[in-house]
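2 protein chains.
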Amino acid sequence: MSELRQDPTTREWVIIAPERAKRPQQKPKGKHVEELPDRDKSCPFCPGNESQTPDEVFRIPVSSEDSDWEVRVVPNRFAALTSEGGMARRLDGHFSRKMSGFGAHEVIIESPSHNTPTALMTYQQVEKVLIAYRQRYNALKKNRQLKFIIIFKNYGWASGTSLLHPHSQLVATPIMTPYYHHRFNVAHNYYADVGSCLYCDLLANELEKGERIVAEAKEFVVLHPYASRVPWETWIIPKMHRASFGLLPAKHLAELAMVLKDSLFCLHRELDNPAYNLMIDTATTEDEEDPYYHWHIRIVPRLTTIAGFEMGSGIYISTALPEETARLMKQCAISLPEEECLSFKQKV
Amino acid sequence: MSELRQDPTTREWVIIAPERAKRPQQKPKGKHVEELPDRDKSCPFCPGNESQTPDEVFRIPVSSEDSDWEVRVVPNRFAALTSEGGMARRLDGHFSRKMSGFGAHEVIIESPSHNTPTALMTYQQVEKVLIAYRQRYNALKKNRQLKFIIIFKNYGWASGTSLLHPHSQLVATPIMTPYYHHRFNVAHNYYADVGSCLYCDLLANELEKGERIVAEAKEFVVLHPYASRVPWETWIIPKMHRASFGLLPAKHLAELAMVLKDSLFCLHRELDNPAYNLMIDTATTEDEEDPYYHWHIRIVPRLTTIAGFEMGSGIYISTALPEETARLMKQCAISLPEEECLSFKQKV
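Chains U and F supply the protein sequences, listed in that same order.
Residue 201 in the numbering used here sits at position 200 of the first sequence, and the numbers go up by one each step.
Residue 149 in the numbering used here sits at position 148 of the second sequence, and the numbers go up by one each step.
Next up, chain U with everything else stripped away, as it sits in the complex:
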């Protein structure tokens, strides 16, 4: 029998219905992600095609004398938001409010290699990607007109990506996003009631229970949330309370790179290279010092399609128990050679 579970961070309900995994599928199964060459001449993110992107805003070079690069950040050529236009909100007739598409939209090109997904990169390379995330986040937040900075990654066609070269994106908006507004409200109400951070307390509770914990590193915990919206949804939560990703101490980047790479690697192995979305959930730039929020990473494998029920109700139906998928993900780490999945094997 299925059950309904309420996510304590959103108060939204999820239907967990493992029976539905057995339903007949007429849909033809394709390979999740196709085989790719190491370089693709038609790819604007491959080395040699640097002129096809706007000018870099950040780069990590191979060495100081070299023109080769390891990570590049460029403005998105087809930006959803740009630095043109102003912040004014105006009524468009009696009912509707609008403003110009002010903001920023950047692409983090994660590696010169066209065909190395983040899950298979070295720890060092993933750390460089995270350095770029943090650097751009903190550079953009200096513009006080940018209220919210979201970093995300679409991997594989089913995730909504339009290019396959390993890349992430950053969008800075002049408005508070509705999902943050809602999560902030929930956490703020919790704080008003209990006097502490919802996520800190949740983390302590999950660590005590243990059944949804995939791995505990020194500074970060990997878990499958109680009300997972999709099978194998994976959260990485820092133990240190910080509302904003921008306040992540630089000395924690190396461990976060290990934990992130190991998480993606286990998903890659267990789900046969799945498409996924990765989002960094963080506070607005104005709420950085708040006791109410707690930044974290959400990884959402795209094994199924968001359909009419989810779009109409806001309730997700998942076909897997997070206790079960967390156990399988932990086992995956144990089964690997000693030198792989290091962060999942460390003793805290």
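FYI, nobody ran anything at the bench for these hints, they're computed from the structure.
From a predicted model like this one, the values you see are computed outputs, not experimental measurements.
We treat Cβ as the ideally placed atom computed from N, Cα and C, and that holds for glycine.
Careful: at least some of the hints might be erroneous.
Claimed, not checked - Just so you have them, the derived chain U footprint on chain F, three or more residues with Cβ under 8 Å:
{"no.": "1", "region": "2-15"}
{"no.": "2", "region": "75-84"}
{"no.": "3", "region": "90-100"}
{"no.": "4", "region": "175-182"}
{"no.": "5", "region": "259-265"}
{"no.": "6", "region": "272-282"}
{"no.": "7", "region": "294-306"}
Got chain U sorted already, so can you dock chain F onto it with the hints?
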């Protein structure tokens, strides 16, 4: 340049960025929906395979002596929610709330024909589908434990369907859904301020402006919303104020069938048989008589994939102006032979 628009029914912002329609796509383009036979022996919804579904809860027979049917409604064999279990909500540890998967999940098989999409059905057939929707809605709402009844349709693989035979679904939940909760709040606040129904006022305003109106029939209006989340998002709004779909007068069903079929037919022609989701947005069974809400139908073509930005922020990026798509859809109706798209051509 892009712009941000706020949806007056949700207060959520959408980025309208027509420039992004030009970005390079490496993704291989498949046909939206494949060619199908009129009957498929392996399809559980085709005539002759009635024993593969649970027993019918509703049927429209071809004639009273006949075992043939035109519409069937059956419980979903792989139901997300069932009539087992109770309504009790309990704390699962300190943080988490759960309840058993109580509710109902039904399938409306729209036609014996395996390969006639709703867009190409006769007006009479679509009316029978709507009769089934309304009948099941009103039958289920008598169970006071079912708080919310959502009817929806997933058409084409990109919509998340698992079977291609024309069908819709109905899910009845013991909880208020988060999207309704949010939309109700917005409409309730509007009522508190202005003293009238947000949707009634919005409709009057749109009819006065006219630029996003696709068609106006006697009882229903078809429009593209000001802050369309996706290109060609289409709403059908009844002129008569009713919070709940269950209170739609039976005498309006024939016109709604025409308006719905004509809407789907124009989308089918203009977008080359697109995948789409259709949702009936309605009040909870407890709010049926409310002045605050106003049921309506939303049709969401799935031309793009919901990606990390939407999942992380709740902000959608659309690449088309609704004024432009509404104009194209109106033109489509004008270009058709006189006997097609009747409801879009009528003079009110």
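Verify the coverage statement for the region 259-265 of chain F against chain U, using a C-beta to C-beta distance below 8 Å and requiring 3 or more qualifying residues. violated (count 0)
With a C-beta cutoff of 8 Å, work out whether three or more residues of the region 75-84 of chain F approach chain U closely enough for the coverage to hold. holds (count 6)
At a Cβ distance under 8 Å, does chain U reach at least three residues of the region 175-182 of chain F? Since 6 is at least three, the answer is holds.
Verdict on chain U covering the region 2-15 of chain F, where coverage means 3 or more residues with a C-beta closer than 8 Å: Result for this restraint: holds, n = 11.
Three residues or more, CB to CB closer than 8 Å: is that satisfied between the region 272-282 of chain F and chain U? holds (count 5)
Would you say the region 294-306 of chain F counts as covered by chain U, given the rule of at least 3 residues with C-beta under 8 Å? holds (count 4)
Would you say the region 90-100 of chain F counts as covered by chain U, given the rule of at least 3 residues with C-beta under 8 Å? Since three or more residues must qualify, the claim that chain U covers the region 90-100 of chain F holds, with 8 doing so at under 8 Å.
Comparing the model with each numbered hint stated earlier shows that hint 5 is the single one that does not hold.
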